[in-house]
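The whole structure should be built from the sequences, with the hints applied where relevant.
Protein sequence lines, in the order shown, are assigned to chains B and G.
Mapping of the first sequence onto the working numbering: position 251 corresponds to residue 387, and the numbering continues sequentially without gaps.
Mapping of the second sequence onto the working numbering: position 53 corresponds to residue 189, and the numbering continues sequentially without gaps.
It cannot be assumed that every hint is accurate.
One copy or two, either will do: identical chains are not told apart, so a pair holds if it fits within one copy or between any two.
Unchecked claim - Cut-off 30 angstroms, straight-line C-alpha distance, at most; resulting in silico cross-link-like pairs (DSS-like, lysine-lysine): (1) 406 - 428; (2) 413 - 428; (3) 406 - 335; (4) 193 - 335; (5) 226 - 252.
Calculated from the structure, these hints are not laboratory results.
2 protein chains.
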Amino acid sequence: MTDQTNDDFVLLEDETLRDGLQLESRIFPLEEKLDLFRQLAGAGLARIQVGSFVNPKRVPQMADSEELIRALRHEAENGPLLSALILNDKGLERALSCGIGHVSMSVSVSNSHSLKNAGKPAAEALSGMAGLIRQATEAGLSVRAGLQCTFGCVYEGAIAEAAVLNAADVFASAGAGEINLADTTGMANPLDIERLVRKVRKHLPALQISLHLHDNRGLGLANMFAGYQAGVRIFDVCTGGLGGCPFVRGAAGNVPTEDAAQMFSSLGVKTGIDLRKICATVGSLEGLLGRKLPGRMKTVLAAEK
Amino acid sequence: MTDQTNDDFVLLEDETLRDGLQLESRIFPLEEKLDLFRQLAGAGLARIQVGSFVNPKRVPQMADSEELIRALRHEAENGPLLSALILNDKGLERALSCGIGHVSMSVSVSNSHSLKNAGKPAAEALSGMAGLIRQATEAGLSVRAGLQCTFGCVYEGAIAEAAVLNAADVFASAGAGEINLADTTGMANPLDIERLVRKVRKHLPALQISLHLHDNRGLGLANMFAGYQAGVRIFDVCTGGLGGCPFVRGAAGNVPTEDAAQMFSSLGVKTGIDLRKICATVGSLEGLLGRKLPGRMKTVLAAEK
Chain B
137 MTDQTNDDFV LLEDETLRDG LQLESRIFPL EEKLDLFRQL AGAGLARIQV GSFVNPKRVP
197 QMADSEELIR ALRHEAENGP LLSALILNDK GLERALSCGI GHVSMSVSVS NSHSLKNAGK
257 PAAEALSGMA GLIRQATEAG LSVRAGLQCT FGCVYEGAIA EAAVLNAADV FASAGAGEIN
317 LADTTGMANP LDIERLVRKV RKHLPALQIS LHLHDNRGLG LANMFAGYQA GVRIFDVCTG
377 GLGGCPFVRG AAGNVPTEDA AQMFSSLGVK TGIDLRKICA TVGSLEGLLG RKLPGRMKTV
437 LAAEK
Chain G
137 MTDQTNDDFV LLEDETLRDG LQLESRIFPL EEKLDLFRQL AGAGLARIQV GSFVNPKRVP
197 QMADSEELIR ALRHEAENGP LLSALILNDK GLERALSCGI GHVSMSVSVS NSHSLKNAGK
257 PAAEALSGMA GLIRQATEAG LSVRAGLQCT FGCVYEGAIA EAAVLNAADV FASAGAGEIN
317 LADTTGMANP LDIERLVRKV RKHLPALQIS LHLHDNRGLG LANMFAGYQA GVRIFDVCTG
377 GLGGCPFVRG AAGNVPTEDA AQMFSSLGVK TGIDLRKICA TVGSLEGLLG RKLPGRMKTV
437 LAAEK
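Written as structure tokens, this is what we have:
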């Protein structure tokens, strides 16, 4: 587990293969996913979210997640920690069937968002997830429990801190080792991040905190830095800044892996990421997608040549 | 003068008409500049840099600066403070001839950058500017003195703090009311900003500080927030994120006016800017330029409709 008091290292979880690809209309065949994974691992990413066990009719991009994970388990034995998203019992069953050791789960703290996104009230989704966390940890998996819309919701506006702390209690009691606070609709500012992170850390000092930040208002890196200042040492990123929230238009864009790596490097904080290699991966991805991605460092490196 | 201790208001100086347009190959006729100015003033911008008195052969976009300022002085009597860039005696003469009351000047703290950009060593450029500041203040103008490459230089790397403090002393002694610290090649991180701003404030508490930040590595808003936290209350912006540094490839992109206004609004800090109006101006500018600009809030507002 990453030490939240260690100032010298942050863990960037690359979610290109899951959060990044899930919004794309182009279906990436298994071989391309394997190649992208190898590039990410080769660039030094220590944790990679590679797929999700959700309804393949709803998210066809992720239909080959079992196959991908089975293929990766053989070659990634000493490589990055593999992660996959599950949302229900069926997903857990599929995760167990392919032998992944770590899963990510997620519910929304906003009732309106939960109803629109997951089709159930937030309280029901939360208690359902508590049960799922218990099942997963009893089956020997390590679990990261995510909370969507933590810093505000386009439907509900501000979110009560008490609701976030309550969800954190539920996650921790059920056995989650990490809580992922997500700014799903990109509404957080640096002061919000710092305030809430400090509250959660004070409330549950042993619980690892990670941040999933969206860059739609351009505050991704500002919020990431504020999280770092408040003690967070795990951040989600996507190569090139791909992905974002599929349920709120205009909320697209994760924090680019390469720009986050550059920021931390500039601050003297290690990420283990090779900037030139990750920018080459941005190039591969842009080639496959046929468009330029929002991340900046590939352009900056090219100009410095 | 903006009170550096006031937490509730920041002044955004929009530089679209100067820093923004100067890199464009399309020449904007006077009528379009007047229209853009009216839109910026109507959106609530309180200080607008409208042109520069530099060699019209080198920067043809700015050739009509006298004409523009003469036209604006009549209609902007109770409007935004007009600003224009000058670099030498000839520029000061032209500024005085059209009756502008405030000028901006700029030298580089990096010797290599100064040689490439201004064709003279940094020390010579600095002493030349001291003389120019004296002439301008004696002629009744208020002066902002800018320092390029303050947070690092692509040619020289780190810049000594002592060189920045020395330049600040020279500017203040010569009569400048404001020092503009520029991250010309977009190399600063939030810790650099906070450290240097606090040093300059401590060294010269009466000197107003403003920041000119480039967004090429995506850290524009993160650095702006760090500057705000360190006490800066004046920031340069360009509508849509236009412009940047013409002398270093890849360094393009000022902090977008609309994204800065949104960030401060979210923090509870007033800028006086109407977000919908400034996003409409981004639309006008994108229409004239025939391309999408990097600023985010126009897209976010359109998605929220």
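Which numbered hints does this structure break?
-> Hint 4 is the one this structure does not satisfy, whereas the remaining hints hold.
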